[in-house]
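2 protein chains.
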Amino acid sequence: MCDLNAYLLKEGKEELFLENVDVIRPEGDTVYLKSLFGEERWFEGAIKEILAIKRKIVLQPAPKH
Amino acid sequence: MCDLNAYLLKEGKEELFLENVDVIRPEGDTVYLKSLFGEERWFEGAIKEILAIKRKIVLQPAPKH
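Chain order of the listed sequences is A and B. Under my numbering, the first sequence is numbered contiguously, ending at residue 65. Under my numbering, the second sequence is numbered contiguously, ending at residue 65.
Isolated chain A (complex conformation) (with noise of 0.2 Å):
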């Protein structure tokens, strides 16, 4: 199976935020994920990069206003 790990990048580190991605989404400022067991999470932010033979999204908080 090809889902994926998605982390958070906090200060410089990566901190895990969903395991077992399928589906990803970016919607205007947030990013939509699914898992494969189908829990749903919005994040707010944006993708920063994807690594498909590392199974790893790496996401990006939107800038604090």
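Derived by calculation from the structure, the hints in this document are not laboratory data. Yeah, the Cβ is synthetic: ideal placement off N, Cα and C, and Gly gets one too. Just to be clear, a hint being listed does not mean it is correct.
[To be verified] Cross-link-like lysine-lysine pairs, in silico, DSBU-like; alpha carbons within 30 Å at most:
1) B:13 with B:48
2) B:56 with A:48
3) A:10 with B:56
4) A:48 with B:13
5) A:48 with B:64
6) B:48 with A:64
7) B:54 with B:34
8) B:34 with A:48
9) A:34 with B:10
10) A:54 with B:34
11) A:48 with A:10
12) B:54 with A:54
13) A:34 with A:13
14) A:56 with B:10
15) A:10 with A:64
16) B:54 with B:13
17) A:54 with A:34
18) B:56 with A:54
19) A:13 with B:48
20) A:56 with A:34
21) B:64 with B:34
22) B:56 with A:13
23) A:64 with A:48
24) A:56 with B:56
25) A:13 with B:64
[Unchecked claim] Quick list of the computed label-pair ranges, beta carbon to beta carbon:
26) A:11 with B:13: 36 to 44 Å
27) A:40 with B:41: 27 to 35 Å
28) B:51 with A:30: 17 to 25 Å
29) B:28 with A:10: 30 to 38 Å
30) A:38 with B:64: 19 to 27 Å
31) A:63 with B:12: 33 to 41 Å
32) A:19 with B:44: 27 to 35 Å
33) A:14 with B:12: 18 to 26 Å
34) A:48 with B:54: 16 to 24 Å
35) A:28 with B:27: 29 to 37 Å
We have chain A already, so just place chain B on it with the hints.
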């Protein structure tokens, strides 16, 4: 291997853009993609969605001005 195939959404149809994609990185109004074989492409537009289990990225062209 969990590389992805990138498709471009064109008039409601999906057209193959780049196979065996490993790295995807949104960069402003473009999306950088790099294949397993080191092939690099810059796409003018955005990520519409990623379907990990289907090993698929769908790209949406930037609206024309």
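A quick look at each hint next to the structure:
1. B:13 with B:48: Answer holds: residue 13 of chain B to residue 48 of chain B is near 13 Å, not above 30 Å.
2. B:56 with A:48: holds, 18 Å
3. A:10 with B:56: holds, 27 Å
4. A:48 with B:13: Answer holds: residue 48 of chain A to residue 13 of chain B is near 27 Å, not above 30 Å.
5. A:48 with B:64: OK: residue 48 of chain A and residue 64 of chain B at ~25 Å, within 30 Å.
6. B:48 with A:64: Measuring from Cα to Cα gives roughly 25 Å; hence the hint holds.
7. B:54 with B:34: Cα-Cα ~19 Å, so holds.
8. B:34 with A:48: Holds, at about 15 Å.
9. A:34 with B:10: holds, 25 Å
10. A:54 with B:34: holds, 14 Å
11. A:48 with A:10: Between residue 48 of chain A and residue 10 of chain A the Cα gap is close to 12 Å, so the pair holds against 30 Å.
12. B:54 with A:54: OK: residue 54 of chain B and residue 54 of chain A at ~16 Å, within 30 Å.
13. A:34 with A:13: holds, 23 Å
14. A:56 with B:10: holds, 27 Å
15. A:10 with A:64: The given pair, whose Cα atoms are some 13 Å apart, holds under the 30 Å limit.
16. B:54 with B:13: holds, 17 Å
17. A:54 with A:34: Cα-Cα ~19 Å, so holds.
18. B:56 with A:54: holds, 16 Å
19. A:13 with B:48: holds, 27 Å
20. A:56 with A:34: holds, 14 Å
21. B:64 with B:34: holds, 25 Å
22. B:56 with A:13: This hinted pair holds, its Cα atoms lying about 28 Å apart.
23. A:64 with A:48: holds, 17 Å
24. A:56 with B:56: Judged against 30 Å, a Cα distance of about 14 Å means the pair holds.
25. A:13 with B:64: Violated. Residue 13 of chain A to residue 64 of chain B sits at ~37 Å, over the 30 Å cutoff.
26. A:11 with B:13: 36 to 44 Å: holds, 43 Å
27. A:40 with B:41: 27 to 35 Å: The hinted range 27 to 35 Å holds for residue 40 of chain A and residue 41 of chain B, with Cβ atoms some 31 Å apart.
28. B:51 with A:30: 17 to 25 Å: The hinted range 17 to 25 Å holds for residue 51 of chain B and residue 30 of chain A, with Cβ atoms some 18 Å apart.
29. B:28 with A:10: 30 to 38 Å: Violated: the Cβ-Cβ distance is about 23 Å, outside 30 to 38 Å.
30. A:38 with B:64: 19 to 27 Å: Cβ of residue 38 of chain A to Cβ of residue 64 of chain B: about 37 Å, so the range 19 to 27 Å is violated.
31. A:63 with B:12: 33 to 41 Å: With Cβ atoms ~34 Å apart, the hint holds.
32. A:19 with B:44: 27 to 35 Å: holds, 33 Å
33. A:14 with B:12: 18 to 26 Å: violated, 37 Å
34. A:48 with B:54: 16 to 24 Å: holds, 22 Å
35. A:28 with B:27: 29 to 37 Å: With a Cβ separation near 18 Å, residue 28 of chain A and residue 27 of chain B fall outside 29 to 37 Å, so the hint is violated.
Checked against the numbered hints given earlier, the structure breaks hints 25, 29, 30, 33 and 35 and satisfies all the rest.
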